[in-house]
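Asks: One letter stands for each residue in the lines below.
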Amino acid sequence: MKNSFQSQGRRLRHSVLAAVASFALAVTMGAVAPANAETAPAMMPKSKIKIALIPGGPNVYFAPWAAAAAAESKALGVTVSYVVPPTPTFDPSVEMSTIESLVAKGYNAFAIFPDGEASIVPLYNRLRARGIPIIDIAGCTSDPTPALLCFATNVEASAKYETEVLSKAMDGKGNIAFLTGLLTDANTALRDDGVKAGVDETQGKVNLVQVVSNIDSPSAAPPAVESLLASKGSDLTGMLSTDYYPSVAAASVLSGNAQFRHILFIGQDNDPTVMNALTNGYIYGTMWQNSYGQGVVAAQWLYKILAEGCKVNQNGPFTKVGSTAHFIDSGYLFVGKDMVKQYAGGMENIPATTAKVLKETNAVLSCP
Amino acid sequence: MPIAGGRFGRLDVVFGGQTSAFGLVLLIGLTWTAFTLAGSGFLSSFNLFSIGQLAARDAVLGMAQAMLVVAARMNLAVGGIGAVCTSLLGFLLVSVAAPLWLAVPLVCAGGVLAALLMGWVELTTGLSSFVVTLAFLSVYAGGALLVTGGRQFQITSQALTVLGSGTLLSPALCPLVAVAIACGMVCWLLYFRSSLGWKMLAVGANERAARVSGINVPWVVLAAYGLSGLLCAIAAIMNASYELNVNAGFGADWLLPSFIAAVLGGVALTGGEVSVAGILLAALFYDSLQSGLTIINVPSYWIELPQGLVLLVAVLLDQLRRRRARSRHRAPAVGAQAAAEPEAAVSP
Amino acid sequence: MRRLLSTQWAPLLAATILAGIVLGFVTRQFGTAFNIYTILQTAAIYAAIGLAQMVVLAVADMSLAVGGIAGLVTITVGGLYDAQHCSVAAAVAAGLGLGLACGLVNGLIIVGMNLSGFIVTLATGTAFTGIAYGITSAIPYSTIPPALVSLGQGRVSFFSFLLLPAIALTIAVGAGFRWLPIGRSLLAVGGNREAALLSGISRARAIVVAHAASGLLAGITAVMYIGVLRSATPATGSDWLIISFAVPIIGGTALVGGEAPAMGCFVAALVLAAINDVLIVLNVNTEAVQMAEGLLIFAAVISGKLGQRIHGPSLMWRKPAARGRVRAS
Chain A
1035 MKNSFQSQGR
1045 RLRHSVLAAV
1055 ASFALAVTMG
1065 AVAPANAETA
1075 PAMMPKSKIK
1085 IALIPGGPNV
1095 YFAPWAAAAA
1105 AESKALGVTV
1115 SYVVPPTPTF
1125 DPSVEMSTIE
1135 SLVAKGYNAF
1145 AIFPDGEASI
1155 VPLYNRLRAR
1165 GIPIIDIAGC
1175 TSDPTPALLC
1185 FATNVEASAK
1195 YETEVLSKAM
1205 DGKGNIAFLT
1215 GLLTDANTAL
1225 RDDGVKAGVD
1235 ETQGKVNLVQ
1245 VVSNIDSPSA
1255 APPAVESLLA
1265 SKGSDLTGML
1275 STDYYPSVAA
1285 ASVLSGNAQF
1295 RHILFIGQDN
1305 DPTVMNALTN
1315 GYIYGTMWQN
1325 SYGQGVVAAQ
1335 WLYKILAEGC
1345 KVNQNGPFTK
1355 VGSTAHFIDS
1365 GYLFVGKDMV
1375 KQYAGGMENI
1385 PATTAKVLKE
1395 TNAVLSCP
Chain B
30 MPIAGGRFGR
40 LDVVFGGQTS
50 AFGLVLLIGL
60 TWTAFTLAGS
70 GFLSSFNLFS
80 IGQLAARDAV
90 LGMAQAMLVV
100 AARMNLAVGG
110 IGAVCTSLLG
120 FLLVSVAAPL
130 WLAVPLVCAG
140 GVLAALLMGW
150 VELTTGLSSF
160 VVTLAFLSVY
170 AGGALLVTGG
180 RQFQITSQAL
190 TVLGSGTLLS
200 PALCPLVAVA
210 IACGMVCWLL
220 YFRSSLGWKM
230 LAVGANERAA
240 RVSGINVPWV
250 VLAAYGLSGL
260 LCAIAAIMNA
270 SYELNVNAGF
280 GADWLLPSFI
290 AAVLGGVALT
300 GGEVSVAGIL
310 LAALFYDSLQ
320 SGLTIINVPS
330 YWIELPQGLV
340 LLVAVLLDQL
350 RRRRARSRHR
360 APAVGAQAAA
370 EPEAAVSP
Chain C
12 MRRLLSTQWA
22 PLLAATILAG
32 IVLGFVTRQF
42 GTAFNIYTIL
52 QTAAIYAAIG
62 LAQMVVLAVA
72 DMSLAVGGIA
82 GLVTITVGGL
92 YDAQHCSVAA
102 AVAAGLGLGL
112 ACGLVNGLII
122 VGMNLSGFIV
132 TLATGTAFTG
142 IAYGITSAIP
152 YSTIPPALVS
162 LGQGRVSFFS
172 FLLLPAIALT
182 IAVGAGFRWL
192 PIGRSLLAVG
202 GNREAALLSG
212 ISRARAIVVA
222 HAASGLLAGI
232 TAVMYIGVLR
242 SATPATGSDW
252 LIISFAVPII
262 GGTALVGGEA
272 PAMGCFVAAL
282 VLAAINDVLI
292 VLNVNTEAVQ
302 MAEGLLIFAA
312 VISGKLGQRI
322 HGPSLMWRKP
332 AARGRVRAS
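First to last, the protein sequences are chains A, B and C. Numbering-wise (this note's numbering), the first sequence opens with residue 1035 and increments by one. Numbering-wise (this note's numbering), the second sequence opens with residue 30 and increments by one. Numbering-wise (this note's numbering), the third sequence opens with residue 12 and increments by one.
No wet-lab data here; the hints were simulated from the structure.
So the derived list for chain B, only partly shown, Cβ under 7 angstroms to chain A, looks like this: (1) S73; (2) S320; (3) I332.
The beta carbon of each residue, even a glycine, is placed where N, CA and C say it ideally should be.
Working from the sequences, and respecting the hints, build out all of it.
Replies: If you want it as structure tokens, here you go:
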């Protein structure tokens, strides 16, 4: 099979490269990387550089990337676009075809939220075979991956930290419930691990009474949160969510129902409903992620790779998280009531972490 | 009852399907020209490869849908069967570590069985296929998620990888396209060269007349369900071949493309009419549209809108064509209350 | 009373109430005022969604655009109030008007081009969703009128305020089909096209009216739902498709038209909402919800069939008896 595919094409170059890349992937990724580095031009003039930030689909979480793209486009003087694949359900097929259309249009550097941690890898191989650098942002592809690195929220650590903060606020004991999203999402599994690890640390003093999963949608979240409160409300001392709609729903229900405010709730992200509930003291806090920073840092690094011929330093400050070893944390932050004023209304999410990561650029990239 | 001309009223419109295929070729030609002129890189081998990869799967989904639509039924559970087959494939290849040659037939058999069960329920209860397949969509999709617990299966089969992401003859061609065309040829043989296919068309055109003329209607309906399930299973394997990391969430988005491919391709929703070439071309058109709209810089949040509009315009144009064809054949008044009736005849 | 017992939803309601009482004894939380409020709040929304589908099913057509219209109305109301600073009344009126207009467009296309509602609403539903995402760039409006929040989340003990519009809609739709001439002609057209045609009732008008009413009902549902989430997102309605069919089918609506049991819709909504709640109260996997819905559709239609064997022919089946039927409840 393999041979007949390769020998028939007349314009062999591309097909061989692509085929070699996809086979090599199965064995190792290390062997491919140097070959790609050779095909990429060392320095590219600014006018040719076109960077795209690709979210998983239309979702408010990614919205700060649009601002990040606009800001970096101005700052770097190159094209930086934010292009949303038209799939509200994060279908990998749609994301892939969007990316390929952009490549066809001349985009030559990508920061991508992968809709499937392995689904998109064959596409990555085709991109890398053309010398196009890719950085995973907000979510990672699993090793071996052609992505240069993954810059994302460490969801497991974030969920663990969230659990620890909650447990501390509960004086180290009590019953908690955990609201989360689709089981088929790899991140949900990591968050679940993080919460369980956080609970285990208390050595039985904090009990995880119920996990309500698969409710990250506007119509599933409110009734699920209410049913949970109705049945376990009097037993719960704490509740946490790692996803968007359950957080909004819980903040909304707690805003309207004083009888459940003995339950300390920590939500996720900065939807105004959540922030208002926090300002009024109806919920205990919320975990922020650094979406804006993800966009900014990814754009700057991709720019340096193309414009200055930088390469990713294999011994850079990476950690191993989930299924990838080339991980850099984009930061997470617990925002409590006292910190609302400081952070409310800011588009930049967690600017301190962004600045800190940018300072490490020289360790992550080695430039000529 | 729509159009009462001859015993199998609408069978004679079958060749109208080719007009629809011709229209689609024209439409594809026009949009491709527009995309090429207005944007850059639409015709690059890279872009064509991705369009082919997606269109191949959607074409097979369209055929899976057509199998039942032709028999005046519908299959809302394409995604549900897809979820079951994908989970089964992942389970066999990853958890059991079964070889591919064993896993593929088993998955196909699973798809056929899942669909036959729906057919059996329809026949024994007498419920409409809409209700049956809607309920089974929930049962299958929910059941697959429940059984696998949302587990991810990382498929490493090299043969599958080559099928989904290798190239065929030219870097612009995905091997999956060959799979879709092969499925299309088998479907064409079924409908235009076999008595089973002819019976399916007859049942779709007028179930009562088919029964009276001695066709074993339940058997033909079961066959249509079984083949639809088989094609869903093939689509699930094709999807897995390029997405590799699979889970029970697969299939959630299949309903729209399956109907778009079938309906744009000229399969009448009232049954009894099919165009295999039309389905293949419709899938190609649908998937090149999304790619093309990105290339000509339509702001990405707005891309879903034209997708809906194109389906609408295509359906409208198709209906106009049918009307013209009809008025050429019959007195115009007779066909006036056709189309909108998904159910079998109710004679006054 | 005998007529009441012979309706398809009567055994369903009896079974649910019985199961509810048993559950109330087994788990003390099930019978609390807040839990019953939770069920009623969800049931009110489901009932409204179901009614939006039922009015179209009554004329033997269907609408896949209920969710799409709801998404568009949601962001219209949210956007007018939040971004354009319109008054609540103006925003809601504009939203409902838009819902009506969307339904009207569906109906006119279906009738004008003589197409099935299935394919037309598949297309327009996608288009409506597309417009909602396009306008908002997927970012929800979060300043929600307090009046709508009190509507969505307000309650007196177990009585959710959302029940008021839901009950009003159920009565209005039920009465409309029963006593209004237009309602009766919709059922006549749905029940038997030829007979309706002969008696001079316009099928075209009936379909346009049914779709317009469906659009309006979808709009009202969206307005009801905004306060529940306190956020006007274009994703509203994205997963309403199965519910929209499950509610009227379980409630006893025939897909071949001619029936509009509004009360059955309400009961079915109650049952589905209770199942949703019980699975979480009993800490069963939430993934089971989807499966339970599918199985319930079967259970309901099959039990309905058994009942119909005794009480007369059913309309749920592929090969309906050839006669004109006009029935409402």
